[in-house]
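Number of protein chains: 2
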Amino acid sequence: MAPGPQRTPPPTIELPQGFRATGLHCGLKSDGAFDLGLLLAEQPVAAAAIFTQNALQGAHIPVCRQHLAQSGGLVQAILVNSRNANCATGQRGIDDARRCCHELAQRLGCKEEHVLMASTGPIGAPLPADKILQQLEPLVSQATSQGGMDFANAIMTTDTHPKAATATNPSTAARVTGFTKGSGMIHPDMATMLGFLLTDAAAEGDLQTQLQDLADRSFHRATVDGDTSPNDSLFVLASATHSAPITQCRSELLTVATDLARQLAADGEGASRLITIEVRGANSEADACHVGRVIATSPLVKTAIAGRDPNWGRILSAAGRADVTFDTDKARVWVGETEVFTHGVPKPEREATASQHLVASADIVIGVDLGVGTAQADIWTCDLTADYIRINADYRT
Amino acid sequence: MAPGPQRTPPPTIELPQGFRATGLHCGLKSDGAFDLGLLLAEQPVAAAAIFTQNALQGAHIPVCRQHLAQSGGLVQAILVNSRNANCATGQRGIDDARRCCHELAQRLGCKEEHVLMASTGPIGAPLPADKILQQLEPLVSQATSQGGMDFANAIMTTDTHPKAATATNPSTAARVTGFTKGSGMIHPDMATMLGFLLTDAAAEGDLQTQLQDLADRSFHRATVDGDTSPNDSLFVLASATHSAPITQCRSELLTVATDLARQLAADGEGASRLITIEVRGANSEADACHVGRVIATSPLVKTAIAGRDPNWGRILSAAGRADVTFDTDKARVWVGETEVFTHGVPKPEREATASQHLVASADIVIGVDLGVGTAQADIWTCDLTADYIRINADYRT
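Line by line, the protein sequences are chains A and B.
Read in order, the letters of the first sequence correspond to residues 1 to 397 in this note's numbering.
Read in order, the letters of the second sequence correspond to residues 1001 to 1397 in this note's numbering.
Hints in this document: simulated from the structure, not taken from any laboratory.
All C-beta atoms, glycine included, are put in the ideal place defined by N, C-alpha and C.
Errors might be hidden in some of the hints.
What the hints assert, rightly or not - Once the Cα atoms are required to be at most 30 Å apart in a straight line, the calculated DSS-like pairs of lysine-lysine come out as:
(1) A:Lys347 <-> A:Lys330
(2) A:Lys347 <-> B:Lys1029
(3) B:Lys1347 <-> A:Lys131
Claimed, not checked - A few chain B residues that face chain A, going by a derived Cβ cut-off under 7 Å, partial list only:
(4) Ala1306
(5) Phe1326
(6) Thr1328
(7) Ala1393
Let's have the full structure, built from the sequences with the hints guiding it.
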């Protein structure tokens, strides 16, 4: 596999107060790696979640929705398995997910509706629920404030490294810690995006709306569109161990969510480059995001970056088909610090410099100014390499 | 390069009466291959054209629009060059295209507005118009009724073979002959789709509307969306050498256009399989087309086919994110003749048979029934192989 942009995950990661975590191997992955994780609060805490918009939904999603509705948005534990999506498994799949929640609630002495579940992996195979149930006891007993990276490891599928991030509010000392997993990037249909945000701040206001807004500015800008995988799920839990309200931690939440989203993009399947797409000069932020996503999902742009080719024509062409207002004569395209298309005029003499940026850096910037307004957005994606094909052509074999 | 689905183009192809064609090497391609083509009518004939919806447009497009408006839809000649898109070349590009039309009109003794031009290839470099102008005389003198395949060769870029098709109306003997070139398939931003339909039938009714309708049922179903490349252009010319009206040739026009569209899909860059996506049980034909296109542009579906994996989960998941009405419990998915997902239930025991279809045939069928209505559509695409990456990462190097 081509080396992706290197990120060394912290060997341990601090959890916010009031949370424990762990991971272990319950027998779903054939190589003995961790495949079952647990996030645990001391008691039911304020929570919210957003789920995929896909018409096909993993079995954990209706169960989570039901539990959140019954509990009024209180969660004590989230159980997560990898290597099996429990998706397209019909009523049996829902029964399996519910049974896992039920058994875990019994062990924790909480109500079933205070337990959520999330699954990720290949779809269509029945969930081996017995393997999961047999490991609930060690899972609960192992969970500690030091177990964050074990949890991050347990939720991985084709991710090449566990993904975690943390930030502390300097004035209140309230902490936000998050975990995520990817990693099929172009259209993450099957590569479930799971995200978990924990904070010891206290919920205040409409947590659901706050989470949606946060996702729109972070995960949804990593071409990990919440609406494209059957299992995509993002959770936030606030333990209120600190008296500081969560609204004072907006900056830390965005920092952690953005960091995780960029980790997702950087670890896209087969990726050798993290690409930040800077869209400027748009009529609206929505336009800027849309143009960025069209560029980010253009195989021709992504293969050009894989070939270290500062192909401004493909970038401009992708922007041009996004169906937003755009002035070719005022448009600009840059690669790294080098403007390779200026107000309608190509600058071929600068392309060698631009290529250098693509060759030398694992953290690429490309940008386009639409020349019509002042709105802007950044979108993150990765390049498209032959390794992506290899990984996905052989995924089930 | 992986062998694509093999199609042997006819060594010659018959043109409709009243047309001549040719191709030659004028010096744009470095390997000496044909790079300049000409379609020629005996006098100005009824014509229509549709062009890309991309905000970025090749210089030939405004020139063609202007000439068609001035002439009231009469065309005597279309000059086509490959290896240079004459796109993002500013006013100079438009002047170059206009000069080529002007010089050709002088040689033909017709008005400038009766000449159109189309360009395809990498964008951003100025058109070497002098090389083209120097070859106008031999081009005109060489054009014959036997020159169709020379024209088809001259318009190729990364196509692996020239693409032509012909059909004759059995009752009137009116003929339709078409040419096209591709071939970057996933999002054909840069791989300009050029299409040319010639008939000796007589124009009748609104030719523009007829062409749009024809494209919607043929080229626009090959994931060669007319709106995604700066240079995409489709032309129809009717010489009226036959008295039969073009409306009697609807079937032949659709046959030729569909054949060309399937050739485009089959010759997608790096393709080893032509994929026909059958969408059934939709609420509307528009829904069926949309679902088909979402499946057809899913890298995960396309890499699965490259891996000969009958991965119904990816097909269903792609359909699920198309945002159209869809009943998971009534849905069906098939690969070849084998139903691998039936009314919400996976049939893993059938996957070996389905795999056989993917291994044995170069002409793959996959299908999905949405379980909600009776509308349907077929969409054509190709698989996504490592060769696609190689071709596109190295396109300009």
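Check each numbered hint against the structure and report the violated ones by number, ascending. Violated hints: none; all satisfied.
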